[in-house]
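**Q** Now for the letters of each chain:
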Amino acid sequence: MRQEIRISGFGGQGVILAGFLLGKAFSLYQDLETVMTQAYGPEARGGASSSSIVVADYPIAYPFVQKADVLIALSQEGYTRYRGETKPEATIIIDEGLVTPKPEDQPLRIPATKLAEGLGRRIVANVVILGYFCAISDIVSREAVEEAIRTSVKPKTLSLNLEAFEAGFAYAKIEERNS
Amino acid sequence: MVQPLLVEEHPLDGLIRADRMPHIWCPGCGIGIVMRCYAQAIINSGIDIEKHVVVSGIGCSGRVAGYMNIDSYHTTHGRGIPFAVGLKLANPELCVTVFSGDGDLAAIGGNHLIHAARRNIDITVICANNFNYGMTGGQMGPTTPYGALSTTSVYGCPEHPFNLVNLLAAAGANFVSRWTTIHVRQVIDDVLYAFNKPGFSFIEVLAPCPIGFGKSNDLEQGVDETLLYRERCVHEPDTALDKLGIDLREDQPIYVGRFVDREAPAYQPIRLEVEK
Amino acid sequence: MTSSHILTGRYFMNGDHACAEGAIAAGCRFFGGYPITPSTEIAEHLSSRMPQIGGVYIQMEDEMGSMATVLGASAAGARAMTATSGPGFSLMMENIGLAAMMEIPCLVVNVQRGSPSTGLPTLPGQADVMQARWGSHGDYGVVAYAPWSPQEFFDLTVHSFNVADRYRIPVLLLADEVVGHMVERVEIPEADKIPHWGRKRPIGSKKEFKPFEAIDDDLVPPLAHAGEGYRLHFTGLTHDERGYPDMSADTHQVLVSRLVEKINRNPKDLIRTETFHLEGARIVVIAFGSTARSARRAVRVARERGLPVGFLRLISIWPFPEQLIRELAQDVDAFVMAEMNLGQMIREVERHVEQPVLGVNHAGGAMLAPEPILEAIEKVANNGSTSSR
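Which chain is which? The protein sequence lines are X, V and A, in order. Going by the working numbering, the residue at position 115 of the first sequence is 115; the numbering climbs one at a time, nothing skipped. Going by the working numbering, the residue at position 123 of the second sequence is 123; the numbering climbs one at a time, nothing skipped. Going by the working numbering, the residue at position 80 of the third sequence is 80; the numbering climbs one at a time, nothing skipped.
Hints in this document: simulated from the structure, not taken from any laboratory. There could be a bad hint or two in this list.
[Claimed, not checked] Okay, derived cross-link-like pairs now, DSSO-like style, lysine-lysine, Cα gap no bigger than 27 Å in a straight line:
no., chain 1, residue 1, chain 2, residue 2
1, A, 210, V, 51
2, V, 51, A, 206
3, V, 51, A, 200
4, A, 379, X, 67
5, A, 379, V, 51
6, X, 173, X, 102
Can you build the whole structure from these sequences, using the hints too?
**A** So, in structure tokens, the structure goes:
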């Protein structure tokens with residue numbers, strides 16, 4: 001098993017933190033081999049931001065995403081830029097309030113930023129969408145991500161982050177029931 | 001007929017590496033006098049000699065680190081001060097002195113000089129200023145007066161020199177003084193004072209360099225420059241700092257004295273409560 | 001060393017932070033440096049950690065000052081380090097030479113970026129490896145390591161301090177931007193599981209002690225610190241066993257030869273390599289640092305395709321493991337050297353073997369990918385040389 005996951009958005013949306021939390025969950029709490037990288041090059045300018053996770057059940061040699069199995073896009077630019085670097089069968093998740101997909105695309109959609117605003121802080125949209133991904137993915141453990149959140153975020157934002165994670169997770173489950 | 005006075009011991013025997021004598025300094029050079037003052041201050045300090053460390057860069061003054069019989073580090077061009085900073089911060093019990101020349105400290109080491117003064121690190125810097133690069137044969141340097149002759153300013157130095165006292169005062173040193181090699185007592189007193197003064201101390205001592213500087217600038221003998229000090233030195237510590245520039249060739253006063261003596265806190269590395 | 005300062009545990013950590021924690025675990029209590037991408041996270045982390053553990057973080061005015069202050073701190077007895085990248089590494093060369101000449105231990109970390117000059121500040125390179133070997137003027141032995149993961153960045157930081165202290169040398173740790181910035185699992189061992197080789201310290205009379213007299217077979221003189229009562233003299237000038245300047249060709253020959261020979265004489269402590277798939281290999285791929293990760297994948301894929309290829313990873317790049325290379329050369333038909341520069345370490349391989357050595361090179365700016373290495377392997381395998389013997 002080797003999965004390549006990219007999270008993209010613009011600066012300030014916390015895509016690096018989301019990648020770190022996911023990577024930490026895999027690495028420390030699911031004992032999977034995990035590498036997280038982030039774009040530091042000129043492409044990281046102009047507000048665009050992305051983080052990448054490679055997770056595998058064997059030692060990871062090459063650490064970068066080449067063709068993503070999962071693309072989580074929190075901005076139009078993040079979607080447009082990285083959509084081409086995904087596998088044909090890739091799982092695409094977008095913040096439906098911020099990303100308009102190509103007509104031929106049928107991505108999974110969640111109003112992550114809107115749900116985050118409902119919790120009082122749009123800044124936790126990253127964790128909302130992480131919760132959603134956790135619910136629809138069969139390789140991410142909910143307990144592992146929650147533990148990563150508990151051991152990483154500042155204590156005063158912990159409950160907000162856990163709520164955000166729960167909101168994203170629940171949204172997926174409601175969707176599942178309705179479909 | 002005068003009888004030579006024979007003595008068994010020199011007062012500085014323990015502090016000078018006798019097996020390194022004779023030194024390399026030219027007849028008439030002033031650096032030895034400054035070293036003598038530093039050594040006397042060490043004796044007078046009452047601080048354990050084992051805790052005194054001298055660091056120097058390159059040049060004639062830099063050789064002091066090789067002649068003093070204390071822990072001594074003769075480093076590379078201009079890097080004496082940052083080396084000394086490392087010694088002091090790693091072992092604050094050490095009494096660390098940088099002894100070097102004007103070229104080493106103010107040109108190639110100039111950035112370290114001003115930043116160590118800005119941080120107000122608790123070291124003492126003794127700068128023997130002879131207005132040129134002496135060891136390499138008398139080239140112009142950062143203190144060479146405008147128009148002065150040297151082997152690299154054969155038409156007269158086209159640059160303006162540093163006023164070191166003003167520079168160090170502006171950079172933030174806690175203590176700045178200037179004397180010459182005729183002010184032996186004052187130099188000893190100020191070095192001693194600087195040992196015990198928290199923060200960065202800078203003592204500039206004008207020193208004749210008859211071979212490197214004097215011979216090209218009508219000061220052919222060491223004594224010529226010494227006599228000039230006696231004629232021109234003015235002890236007016238209240239003189240405005242920007243008036244303290246020096247030009248030995250002009251008939252102008254050479255201001256000497258303690259120009260800065262303030263109590264700004266010395267640099268301390270940040271220490272948090274050590275968790276157990 | 002207070003063990004409570006060592007953050008024993010499992011972390012998801014980037015390479016730069018792992019290096020910083022490795023330094024603390026090794027007992028480093030002095031960092032003097034100048035922030036520069038992509039090594040800045042080392043300075044940032046130590047600026048936060050040193051005040052917690054009674055250590056010193058000082059941000060110097062430039063890299064020449066950084067190197068000098070690290071030497072001063074080490075001369076006073078502290079384990080001391082700095083961290084930089086290409087432009088700063090160039091400036092440090094001056095006093096790296098002083099460290100070699102004064103035999104003052106220290107660690108210099110270079111998180112390599114695209115070069116020359118300002119180059120590519122945020123992107124990787126491996127083009128400083130020859131500068132690491134020959135960068136300061138003159139002859140002196142060099143020890144340099146290249147980690148391929150954050151965990152190894154931690155481990156080699158500890159090891160580098162040990163080697164520096166044991167051999168009284170500056171040790172160079174040549175990471176690259178990929179390893180510095182990537183985040184992986186890092187396991188920090190219990191304090192008593194962290195190897196510690198101390199400095200060789202003087203014994204006997206302080207008065208008779210000669211700070212540059214190498215009595216032992218390893219050619220390393222004991223090291224005395226400032227303030228201990230030895231009345232030391234250290235100089236960058238050529239010096240005799242007392243440390244006194246001696247401007248003679250004979251003294252120079254003895255001193256400089258020893259600085260080179262003390263490294264050459266002790267390969268077991270210094271050289272580190274790792275090999276994969278060497279059984280039956282007719283082709284050996286050689287790589288170091290982050291490029292070794294791509295090389296490893298390329299070799300794995302090539303093996304799956306039935307090609308007789310093995311892999312040698314250089315962990316120490318200096319000293320170069322020439323003995324091992326010569327041994328491998330007994331049994332293989334060709335070598336492939338992959339590196340993120342336009343052909344530096346390949347010269348070292350070529351010096352020691354008669355077989356063809358194919359370089360896979362990239363000027364830097366992006367990690368060398370597995371594909372061109374695989375292509376090189378296939379090219380070498382298909383040109384017939386592998387079946388001719």
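**Q** For each hint, tell me whether it holds in the structure or not.
**A** Going down the list of hints, with the structure as the test:
no., hint, verdict
1, A/210 with V/51, "holds, 19 Å"
2, V/51 with A/206, "holds, 15 Å"
3, V/51 with A/200, "holds, 22 Å"
4, A/379 with X/67, "holds, 25 Å"
5, A/379 with V/51, "violated, 66 Å"
6, X/173 with X/102, "holds, 25 Å"
This entry does not satisfy hint 5, going by the numbered hints stated previously; all others are met.
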